[in-house]
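K.L.:
Using the sequences and the accompanying hints, generate a full structural model.
2 protein chains.
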Amino acid sequence: MNTILVDGVADDALPVGDRGHAYGDGVFETVLVQDGAPVWWALHLERLQRGCDVLGVPMPTASLLRSEADSICRDAARAVLKIVLTRGGLARGYAPQAGAGVRRVLSLHGAPEPDADACDRGIEARWCELRLARQPRLAGIKHLNRLEQVLARAEWSDARIGEGLLRDSAGDAICATAANLFVARDGRWRTPALDICGVEGTCRAWILGQVEVEICRLVPADVESADEVFVCSSLRGILPLARLGGREWTVGPMTRSLQRRLWREVPALSPSAGFST
Amino acid sequence: MNTILVDGVADDALPVGDRGHAYGDGVFETVLVQDGAPVWWALHLERLQRGCDVLGVPMPTASLLRSEADSICRDAARAVLKIVLTRGGLARGYAPQAGAGVRRVLSLHGAPEPDADACDRGIEARWCELRLARQPRLAGIKHLNRLEQVLARAEWSDARIGEGLLRDSAGDAICATAANLFVARDGRWRTPALDICGVEGTCRAWILGQVEVEICRLVPADVESADEVFVCSSLRGILPLARLGGREWTVGPMTRSLQRRLWREVPALSPSAGFST
Chain Y
65 MNTILVDGVA
75 DDALPVGDRG
85 HAYGDGVFET
95 VLVQDGAPVW
105 WALHLERLQR
115 GCDVLGVPMP
125 TASLLRSEAD
135 SICRDAARAV
145 LKIVLTRGGL
155 ARGYAPQAGA
165 GVRRVLSLHG
175 APEPDADACD
185 RGIEARWCEL
195 RLARQPRLAG
205 IKHLNRLEQV
215 LARAEWSDAR
225 IGEGLLRDSA
235 GDAICATAAN
245 LFVARDGRWR
255 TPALDICGVE
265 GTCRAWILGQ
275 VEVEICRLVP
285 ADVESADEVF
295 VCSSLRGILP
305 LARLGGREWT
315 VGPMTRSLQR
325 RLWREVPALS
335 PSAGFST
Chain Z
65 MNTILVDGVA
75 DDALPVGDRG
85 HAYGDGVFET
95 VLVQDGAPVW
105 WALHLERLQR
115 GCDVLGVPMP
125 TASLLRSEAD
135 SICRDAARAV
145 LKIVLTRGGL
155 ARGYAPQAGA
165 GVRRVLSLHG
175 APEPDADACD
185 RGIEARWCEL
195 RLARQPRLAG
205 IKHLNRLEQV
215 LARAEWSDAR
225 IGEGLLRDSA
235 GDAICATAAN
245 LFVARDGRWR
255 TPALDICGVE
265 GTCRAWILGQ
275 VEVEICRLVP
285 ADVESADEVF
295 VCSSLRGILP
305 LARLGGREWT
315 VGPMTRSLQR
325 RLWREVPALS
335 PSAGFST
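So the sequences go chain by chain: Y and Z. Going letter by letter, the first sequence gives residues 65 to 341 in my numbering. Going letter by letter, the second sequence gives residues 65 to 341 in my numbering.
You may find that some hints are simply not true.
What the hints assert, rightly or not - Sample of chain Z residues at the chain Y side, in silico, Cβ under 7 Å: (1) Ala77; (2) Gly84; (3) Ser131; (4) Tyr158; (5) Leu194; (6) Arg198; (7) Asp250; (8) Ser334; (9) Pro335.
What the hints assert, rightly or not - In the SDA-like style, the derived pairs of lysine to any residue whose C-alpha atoms are separated by at most 20 Å in a straight line are: (10) Z:Lys206 / Y:Gly157; (11) Z:Lys146 / Z:Arg156; (12) Z:Lys146 / Y:Arg114; (13) Y:Lys206 / Z:Ala101; (14) Y:Lys146 / Y:Ile136; (15) Y:Lys206 / Z:Arg130; (16) Z:Lys206 / Y:Lys146; (17) Y:Lys146 / Z:Ala155; (18) Z:Lys146 / Y:Gly153; (19) Z:Lys146 / Y:Ile136; (20) Z:Lys206 / Y:Ala155; (21) Z:Lys146 / Z:Ala101; (22) Z:Lys146 / Z:Val70; (23) Y:Lys206 / Z:Lys146; (24) Y:Lys146 / Z:Arg156; (25) Y:Lys146 / Z:Gly81; (26) Y:Lys146 / Z:Ala101; (27) Y:Lys146 / Z:His207; (28) Z:Lys206 / Y:Gly81; (29) Y:Lys206 / Z:Val70; (30) Z:Lys146 / Y:Gly81; (31) Z:Lys146 / Y:Lys146; (32) Y:Lys146 / Z:Leu154.
As the list claims (entries may be wrong) - Simulated restraints on C-beta separations: (33) Y:Ala126 / Z:Arg325: 27 to 35 Å; (34) Y:Ala223 / Z:Ala141: 49 to 57 Å; (35) Z:Arg325 / Y:Leu128: 49 to 57 Å; (36) Z:Ser321 / Y:Gly165: 27 to 35 Å; (37) Y:Glu110 / Z:Glu276: 49 to 57 Å; (38) Y:Gly163 / Z:Ala180: 28 to 36 Å; (39) Z:Glu276 / Y:Ala223: 47 to 55 Å; (40) Z:Gly163 / Y:Pro200: 57 to 65 Å.
By construction, these hints were calculated from the structure, which means they are not laboratory data. Only a predicted model underlies this, so the values are computations on that prediction, with no experimental measurement involved. Beta carbons are placed, not taken as given, at the ideal position from N, Cα and C, and that holds for glycine.
P.N.:
Next up, the structure:
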């Protein structure tokens, strides 16, 4: 089994000068693999397409990506498929070269074990000091300029902290370092609008198709005063917040209901999945 | 002559998983090479060090970088040396791995010919539509998250446009896509403060050591109403603005004086340098 494909060829190297390495000039996906197949493939592909459109990078065909994905995923019971698309060519200088095409790198990685305790009782989160810059031109897509997330994630090393929540420079609550954010109050779900900054996650997209959610501006007080709060990602599923600063929660019925629905749809995200591999 | 060194070894490939490719998790320099030696080496090194400090990446020793730079530059009469430092290791996930070290890539490229007409009569510039996001944590350093510059530079393909000027999201004038910005009015130089966004260029740093310059907030009207305006970079030197929207300038005496001083210090940037190689 080949675990890395660069432009369809088994390889573990990139050319020096790749625009991803030079400028972060590309987009990526991390896709959960379950029983040899990618989970939420259509949602990941949609986001790749949006990212390519924003950057002016030609999107590979869906059938090409799927056939390459299948070829490296097919023997994996549970894994992570990473797809990186960068602007092709090796041109130095910011100007995108016309007709430079796209370079694609697909690689297979071990998946994090589902954390039964985190799923069941929830995680402790913290507010990060770093504030996300407001850049509507790059909002929503999963581009390769991720220094803000790296610096935010570097703020803590205490293993008891399960995620860091991020505010933008205006003080709005946006997301976690590698997850989206949902809050419930008075029986209604809300999640931050991601038209100024943040990444539109695929688990978030799946949830928006399952239940009614208001997409709106949220401030930290909306999070801290919520009845239920969770963060979610395509690799870790729905992780309820048990603690944030001075506030503590027990996992509520709305979150539990969504988790159960998720685990039925994607067994690889359920707390028992770790034991079956 | 080796023209690419990866961690000191002649190579033209990077490992898939390099943090530069994954997240733009690193910093870079483009250094003018003149008669086999890097120009403004100390200024470039200072900025690399500041960038490494911000990202928490260990800076290689100055002597190691210099010896590698010399080994690929020594036969070049006129060239560009690119240095890319990325966080070491191949860890997936935003969290920086403790002790991951640093990966260094040095490569040699052709230098742009000095443009005698641009030096002499000035260039036409435009205001870019893209607004720089305000992120003080990453301001000033030359990190690898450069999608804003790529998108801004993609706004025009007309070869008569020599640079695009950038405003930030608050509307302040900050820089050009690959150059810094200076304006003169009533005999005094001013240049934008770069503590919120923008890159502190080495040519800018050289100029700040030559003449008195006020570092301050500038708005587009300050640029358009200036007596003299130029953009500058370590690879193209000082390029006066001849035109910006409806405004036209002839090159003024303050700019000419700085240009002459620059060309004496760095002959490779003078309009005649192109003819000697």
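K.L.:
Next step is simple, just say for each hint if it's right about the structure.
P.N.:
Going down the list of hints, with the structure as the test:
no. : hint                            : in the structure
1   : Ala77                           : 4 Å, holds
2   : Gly84                           : 4 Å, holds
3   : Ser131                          : 19 Å, violated
4   : Tyr158                          : 4 Å, holds
5   : Leu194                          : 6 Å, holds
6   : Arg198                          : 6 Å, holds
7   : Asp250                          : 34 Å, violated
8   : Ser334                          : 22 Å, violated
9   : Pro335                          : 21 Å, violated
10  : Z:Lys206 / Y:Gly157             : 14 Å, holds
11  : Z:Lys146 / Z:Arg156             : 26 Å, violated
12  : Z:Lys146 / Y:Arg114             : 31 Å, violated
13  : Y:Lys206 / Z:Ala101             : 40 Å, violated
14  : Y:Lys146 / Y:Ile136             : 11 Å, holds
15  : Y:Lys206 / Z:Arg130             : 37 Å, violated
16  : Z:Lys206 / Y:Lys146             : 27 Å, violated
17  : Y:Lys146 / Z:Ala155             : 13 Å, holds
18  : Z:Lys146 / Y:Gly153             : 17 Å, holds
19  : Z:Lys146 / Y:Ile136             : 35 Å, violated
20  : Z:Lys206 / Y:Ala155             : 18 Å, holds
21  : Z:Lys146 / Z:Ala101             : 13 Å, holds
22  : Z:Lys146 / Z:Val70              : 12 Å, holds
23  : Y:Lys206 / Z:Lys146             : 27 Å, violated
24  : Y:Lys146 / Z:Arg156             : 9 Å, holds
25  : Y:Lys146 / Z:Gly81              : 10 Å, holds
26  : Y:Lys146 / Z:Ala101             : 41 Å, violated
27  : Y:Lys146 / Z:His207             : 24 Å, violated
28  : Z:Lys206 / Y:Gly81              : 17 Å, holds
29  : Y:Lys206 / Z:Val70              : 28 Å, violated
30  : Z:Lys146 / Y:Gly81              : 10 Å, holds
31  : Z:Lys146 / Y:Lys146             : 28 Å, violated
32  : Y:Lys146 / Z:Leu154             : 13 Å, holds
33  : Y:Ala126 / Z:Arg325: 27 to 35 Å : 57 Å, violated
34  : Y:Ala223 / Z:Ala141: 49 to 57 Å : 55 Å, holds
35  : Z:Arg325 / Y:Leu128: 49 to 57 Å : 55 Å, holds
36  : Z:Ser321 / Y:Gly165: 27 to 35 Å : 46 Å, violated
37  : Y:Glu110 / Z:Glu276: 49 to 57 Å : 54 Å, holds
38  : Y:Gly163 / Z:Ala180: 28 to 36 Å : 30 Å, holds
39  : Z:Glu276 / Y:Ala223: 47 to 55 Å : 53 Å, holds
40  : Z:Gly163 / Y:Pro200: 57 to 65 Å : 38 Å, violated
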